[in-house]
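Trainee: Spelled out, the chains give:
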Amino acid sequence: MTEILLFAIPALLIILGALIVVFAKNPVHNAMGLVLTLTSLAIVYITLNATFVAMVQMLVYAGAVMTLFLFVIMMIGVDKPDQSKESIKGQSLLISGTLIILVAIVLFVILENGLNWDLFFPESENIIDGTPSLIAGVMFTSWVLPFEIISILLIVATTAALALAYEFKKSDSND
Amino acid sequence: MIEVTSDWYLTLSAILFSIGFLGMMFRKNALIMFMCIELMLNAVNLTFITASRHLGLIDGQIAVFFVLVVAAAEVVVGLAIIVSIFKKQESASVDMLSSSKG
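Residue numbers (this note's numbering), protein chains in the order written: chain A, 524 to 698; chain B, 132 to 233.
None of these hints come from the bench; they were simulated from the model.
Misleading hints may appear alongside valid ones.
One-sided and incomplete, this derived list gives chain A residues near chain B with beta-carbon spacing under 8 Å [claimed, not checked]: (1) E526; (2) F530; (3) I537; (4) A541; (5) L542; (6) P550; (7) L561; (8) Y568; (9) V583; (10) V588; (11) I599; (12) F663; (13) V667; (14) I673; (15) L677; (16) A680.
Think of the CB as a built atom: it goes at the ideal place given N, C-alpha and C, for glycine as much as any other residue.
Using the sequences provided together with the hints, build the complete structure.
Mentor: This is the structure in structure tokens:
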């Protein structure tokens, strides 16, 4: 029973937060909905034995990324609500049609098979515990090349953001 | 006694991804669209961690770290672009971005 509650309560909060992200009018409310989703996801990660990932989720997503979002909302202010005027002819009709087809496919699959996804591999007996030492042991041995590449990506992204946000004066531009 | 199996987590992940996709299609504010991308990336992360538990392998959790870093980099660059667009035309609506075509 505890197991089911530990899944159901965060799951409901995740879906609630996601709906707030999509449907709220005020961007600050959207950001708070995203915080709710990310925090509840961290709880789900803990129930899945991924404790270190849960902590990193809280630090990086609910901490750093959301601060960045709120900072940008603060900078550009609360924008005008979405205009209903469509810039491409028949845009909303096309979107609605695509969504109805997608939902129909998903409903058909669920009604046909229930919640049974018929996973190809059987559930493993081997219970892993996502501790920092276990993750580091694999990441710095067999995943070390992707790790180095991703560090280059981070540096490139930081430089690009700096170049985009910094206002160059006429006198120090080279062209 | 009902047991919480991997199927439940995968269903939750599918629902989360669909909601993110819905928002991506319907909202026109670039900032909100970015938040919907975050929702979809998190749905994928949940799938990775579920697979990691299901198969008894740690590699799924390591893939989550890479997704996390790519998401952070994407948010940094994307938000910088939104800010510089906003400075020019006082709006973050993607309908007004026709000026960025080549």
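Trainee: None of the hints should be skipped; say for each whether it holds.
Mentor: So, going through the hints one by one against the coordinates:
no., hint, result
1, E526, "holds (5 Å)"
2, F530, "holds (5 Å)"
3, I537, "holds (6 Å)"
4, A541, "holds (4 Å)"
5, L542, "holds (6 Å)"
6, P550, "holds (6 Å)"
7, L561, "holds (7 Å)"
8, Y568, "holds (6 Å)"
9, V583, "holds (6 Å)"
10, V588, "holds (5 Å)"
11, I599, "holds (5 Å)"
12, F663, "violated (10 Å)"
13, V667, "violated (11 Å)"
14, I673, "holds (5 Å)"
15, L677, "holds (6 Å)"
16, A680, "holds (4 Å)"
The structure fails hints 12, 13 (numbered hints given earlier, in ascending order).
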